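Q: Chain order of the listed sequences is A and B.
Under numbering that gives the first Met the number 0, the residue at position 12 of the first sequence is numbered 11, and the numbers go up by one with no gaps.
Under numbering that gives the first Met the number 0, the residue at position 130 of the second sequence is numbered 129, and the numbers go up by one with no gaps.
Don't read these hints as lab results, they were simulated from the structure.
Where hints are given, some of them may not hold.
[Claimed, not checked] Here are the simulated EDC-like pairs of lysine to aspartate or glutamate, each with C-alpha atoms no more than 20 Å apart in a straight line:
hint, chain 1, residue 1, chain 2, residue 2
1, B, 107, A, 107
2, B, 17, A, 45
3, B, 56, A, 49
4, B, 15, A, 49
Only a predicted model underlies this, so the values are computations on that prediction, with no experimental measurement involved.
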Amino acid sequence: MIKFHPSNQQLNTFSNGLMAPAESLIISAHCDMCIQCANKVVLYTEAHSETVFDESSQRLDPNLFGTMLSQITSQEIDRGAGSEPKNSTLELDGRKFTLPRSLNRFSESIGNWSHLVGKIWQAPVNIGGDTVANFIFMEKGGGVPEHTHRGTEMTLVVNGEFSDGLADYDSGDFMVMDGKNIHTPLTKSDEGCLVFSIVDAPLHFTSGWARLINPFSHLFFK
Amino acid sequence: MLIGITLENNKPDVRKPKDCAAEMAAHLDTVAKERCKASFAKIFGYFAPRLRSYALKQMGNEAIAMELVQDTMSNVWQKAHLFNAEKGSPSTWIFTIARNIRFDMLRKLQNRKEDICSDDMWPVLCEQTADPKEKSLEEKVTLQQVGELFNSLPDKQKAVIEAIYIEGKSQQEVADELNIPLGTVKSRTRLALQRLKDMLETHD
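Just chain B, same shape as in the assembly:
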């Protein structure tokens, strides 16, 4: 299976990354220029187990960790010609690749539960796009339309809603100001909101 490739697996390579940076950079150069499998095996032998234990710690799952090792080392094999020793050491370059792959993997893992649409974040403000392909999209209520509906409220309810939702007053403050009981403010607010809600739903 490993024809022409030596896997030096007898003893662990305990050198620090910076102590073998020059050697690894030379191997990367050979891989880039000659697609040298023996040189790649040296790089792989040093970094693959290190990437695995980093990935295990980060992802907590053996299968995902090995996927990260495989994707990272594939990138090293494919993109060795993009390595530039002047910009950084081989370990920095390989760590950067692993980091980016990890971000992508997390995005994909999260994608499965993704369900929020952007309209949720911009409630009501959304106007319909003038795109003929999207006729099925339900009509969105615009801010202006909310304003129009608001204007159609009875004056007494409008005054209470305006004071609370636009001027930001408390219900007690509104009661004191209009010289009416707090209970009346509460019921007017409730009625007005219910009315607006009904109108918005009819509008739908």
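Chain A extracted, bound-state conformation:
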């Protein structure tokens, strides 16, 4: 069951179209998995569309719009292109994961899996923009060394369960971490756990051997 949701304010900003694109993507993916938030977004969007379209009751200028209208209506209608995208799957070591619809749109932009330390796998997703997006898979017993965040990290649990010393998370859960949070993600479930994560600045490791990395991290910013 989903326990962690975006805040009403986040859903409202998303609905209004004022959110940064990367953030909007992960909120949108959460709504694919969470009917409760999806319904809220519909309500907020309804309110915003009334306001936005009411404020701007202008005359249609034929110089601006005449050509556009005839261009659009001369397009052939391609029913195939207009239909809902099919759900493809993300694969790792023979395991297959179904992606939320919003992330599925980027299935062509997912890079190769690479193996990190601590039974962690990572596949980058090119979503455009400055924000780095990754699928992270934690095998059973796998985890990320304790860290805090120089920027903001948003995570959506796509499939599985994990804990981070702060709470237990399940499929569909959404969380935001920043410099105020120190956590140690770890999964104990046999199936492992797949998350989608976006970060806008490098992680900052806070304990154990991983701390040694911080002073040298600039060496690898090539």
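Chain B: place on chain A using the hints.
A: Chain B in isolation, oriented as in the chain A frame:
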């Protein structure tokens, strides 16, 4: 140019979106079933100028604003059959399309300056992928290797680094604990980090 299409441009349509929702829904239905250009022109006449002023406010650029109007209205023309009046009003549906297109446009605009690779976010932890196609990728130093290099430091330097970077103590605390001057702690730290840095660079 506008054969068979009436552009009602004499006076602005000042109705609120909800006051013409039923009418617009009926037009969308006709567009979906009959590809009726006259019905689409009604929808276009109401929403295109509204989308333009929304987009101008959001994007602040006339050309980009018109691109957003064009893409949104093209989608309305192409996907009218996906509109479901039970799920929401035409204005909500069209606003949702515009919102998604705006997100996509922003992503593409930002893409031009995109340069950060994901390894930057996961410094050093990255092991090389066992992919024969990617031999050119430089070898990454693993956490374990950093640990090995660390172990090869002289004992005195290792003790200082361990206390500061692993136990999280301040340099003053380390000086007090080891009963050595603060300056010595500083120089040992500097030497040790320099040594590790040299070793990592040689490793590269």
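Q: Confirm or reject each hint.
A: Consistency of the hints with the structure:
no., hint, in the structure
1, B:107 x A:107, "holds, 15 Å"
2, B:17 x A:45, "holds, 10 Å"
3, B:56 x A:49, "holds, 16 Å"
4, B:15 x A:49, "holds, 7 Å"
Consistency note: the structure conflicts with none of the earlier hints.
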